[in-house]
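Visitor: As a plain string of letters, each chain reads:
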Amino acid sequence: MDATVSPPSASPLVVMKDISIAFGGIKAVDRASLDLFPGEVVGLLGHNGAGKSTLIKILSGAYKRDAGEILVDGAPVAIDNPRDAKKFGIETIYQTLALADNVDAASNLYLGRELLTRWGTLDDAAMESQARKVMGRLNPNFRRFKDPVSSLSGGQRQSVAIARAIHFNARILIMDEPTAALGPQETAQVGELIKQLKAEGIGIFLISHDIHDVFDLADRIVVMKNGQVVGSARVQDVTKDEVLGMIILGKCPPGATPGLGAMQ
Amino acid sequence: MSVATSNAPATAASAPESTARRLLRQTEIDPRMIGMIFALMLIWVGFDVYGGIVNGFAAFLTPRNLFNIFVQTASVAVMTTGMVLVIVTRQIDLSVGSILGFTGMVVGVTQVYWLPHIFGVDSPMIWITAVVLAIAFGALIGGFQGWIIAYLGVPSFIVTLGGQLVWRGAAWWVARGETIAPLDDRFSLIGGGSAGSIGFWASWGLCVVGIIAFAAAILAGRGRRQRFGFPLRPVWAEVFVGCLGAAALIWLTWIFNAYNWPTMIAKHYAETHHITEPPGGLKIPYGYAIPVLMAFATGLAMTFLAKRTRFGRYIYAIGGNPEAAALAGVNTKRIVMLVFALMGALAGISACIDSARLDSATNALGQFDELYVIAAAVIGGTSLAGGVGSIYGAMLGALVMQSLQSGMVLIGVDSAVQQMVVGLVLVVAVYLDTIYRQKVK
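Residue numbers (my numbering), protein chains in the order written: chain A, 1 to 264; chain B, 1 to 441.
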């Protein structure tokens, strides 16, 4: 894994600097900083309510930050809504999958980016054709292109959500608990997919509760607690127990770079 | 495990199935539509048979009655196409009847008091301006309410409940409660009636055009699927659907052409046009009534909007999962506002139909229409939970409601009982739909 990690000289794909957001006086994210390099998987860990999902939703445009800066390819960018984020190649697989349950897979795949005929009407046939291609790669057994996604199984729904994120040439992929609804076999498939995307040079933020998953897949981990970054470390520099200490106690081990939230 | 689940329906389908089931699957006809048409037939035949046995006069399945039912359905049918989309986005609009009343007064007053001064009496610009004004006012009012709902976050139930009172009051206020009559002659054609129908040959002409367009749509759809190598419907299924559609159109045209002008009007027409009357009197068929054609056109346009445009796709996506639509980059607030504007514009069209039909504008125009419009949408299979509903279903729902009411009038049911029956039918229809949905799942 170490050989494939980008050298420090490569410029980061995305940098989030001193990001803060508050909801009704509660600081959900407090001066948190993150970065991500091409072909790198960064695991974001923390308890429920640690602020990891909120931080990532700021990057995907779902929330608007109160303070801080986001740089893509070194240039500061304004991300005020999901459309802006997609413009910069930032795609997200949400924990809830964020699918419109009443429409079919192709419509979900292209939601917000529909293919149009030359008369400006929806080109459903073209969208279905593309959907068949991309789904054929992800989940070759998928046949139910005419059914609303509400009638699909958890794994099939997940593959629709993943297909949507990777189909539009994502450069930065955010995966929020991508395996929460999956069985062991499908979880392994997602793991394979992450390795494949990584090899293509896509940067991935992986949010997970499962510390074992993260250790298997990530190059680096960042731990959050109470809205602040406890610390970050390359996976080979820390043990699982040390990371647990970071998550539970906010104690930063010697192998990690401490953040604002590290216990003094 | 995804292998097993995705293959399950396919294996079920290859098992022996009943002919009816296979017919439905291969023709891809919505079973719910079959159910609605079946219910409609039941109502029609039921009232006809009942009238024949009990009253000694089967008046329901006559061209005259069916003609009138279609004309009377037009106004609610136009509005319900918009209500479907409102309900699909998980909203409700209780103000459509009052918007209809207000815009009806506006078109009445402008064409009687103002426009003749601008264009001169009898100018064709009068009716055009009046219709444009009605649609524009309706869209503005609906859009304003939609803005409050989408951008200020006030629930649509409250905003449109308030709107119901506001615009009904405003309708009175436009002319201090006066009835405005008579309206412009050309404008009155929108309401139907003997002059407001297109006649025998034009109706058959439209019928032929309709059949050709239907066939072309089937062929185009098939061609598109073929180009991408998708599974096609069997040819017999395509032909079957095509013949079914053509038969329905021919039957409808025949009904509209089988109803003739009243003898005295035909006599008068013969005299003024120096036609010698044949023995038994001159028979002049009505043909398609203009309000019915307007309802058809609205239905087609709205179906196109809902199925073939981004706007329509977003409406359904918002109804299915508003958060997901927003995360996918859909401007959900703008879409919701526009849906209400569209609803208002349709209420404006219906205001033209209703006032033209009465040849007058009164401030009670469209009272309680919101209830019929919502009921039609719901009977037509629109789910109040959002995300589900079809334009043609709602229009069929409007026809079912109007048929029930007309039928009860024909067999002499008390008006109080009529209301009770319509109310009960609404509840039973939704109950049946709920059972159907559970079974499908």
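There could be a bad hint or two in this list.
To be verified - What follows is a set of in silico ranges between Cβ atoms, one per label pair, in the way DEER data are often shown: (1) B/40 - A/192: 36 to 44 Å; (2) A/260 - B/221: 39 to 47 Å; (3) B/221 - A/188: 35 to 43 Å; (4) A/185 - B/45: 54 to 62 Å; (5) A/118 - B/277: 23 to 31 Å; (6) A/184 - B/424: 32 to 40 Å; (7) A/118 - B/439: 49 to 57 Å; (8) A/10 - B/222: 30 to 38 Å; (9) B/272 - A/119: 16 to 24 Å.
Unchecked claim - A short, non-exhaustive set of chain B residues, derived as facing chain A with CB atoms under 8 Å: (10) 225; (11) 234; (12) 308; (13) 317; (14) 323; (15) 328; (16) 387; (17) 388; (18) 392.
Quick caveat, the hints were computed from the structure, so don't treat them as lab data. A virtual CB, placed ideally from N, CA and C, is assigned to each residue, including glycine.
Visitor: Confirm or reject each hint.
Guide: To see whether the hints hold, each was checked on the structure:
no.: 1; hint: B/40 - A/192: 36 to 44 Å; result: violated, 54 Å
no.: 2; hint: A/260 - B/221: 39 to 47 Å; result: violated, 59 Å
no.: 3; hint: B/221 - A/188: 35 to 43 Å; result: holds, 41 Å
no.: 4; hint: A/185 - B/45: 54 to 62 Å; result: holds, 56 Å
no.: 5; hint: A/118 - B/277: 23 to 31 Å; result: violated, 56 Å
no.: 6; hint: A/184 - B/424: 32 to 40 Å; result: violated, 53 Å
no.: 7; hint: A/118 - B/439: 49 to 57 Å; result: violated, 42 Å
no.: 8; hint: A/10 - B/222: 30 to 38 Å; result: violated, 52 Å
no.: 9; hint: B/272 - A/119: 16 to 24 Å; result: violated, 47 Å
no.: 10; hint: 225; result: holds, 6 Å
no.: 11; hint: 234; result: violated, 16 Å
no.: 12; hint: 308; result: holds, 4 Å
no.: 13; hint: 317; result: holds, 4 Å
no.: 14; hint: 323; result: holds, 7 Å
no.: 15; hint: 328; result: holds, 4 Å
no.: 16; hint: 387; result: holds, 4 Å
no.: 17; hint: 388; result: holds, 6 Å
no.: 18; hint: 392; result: violated, 18 Å
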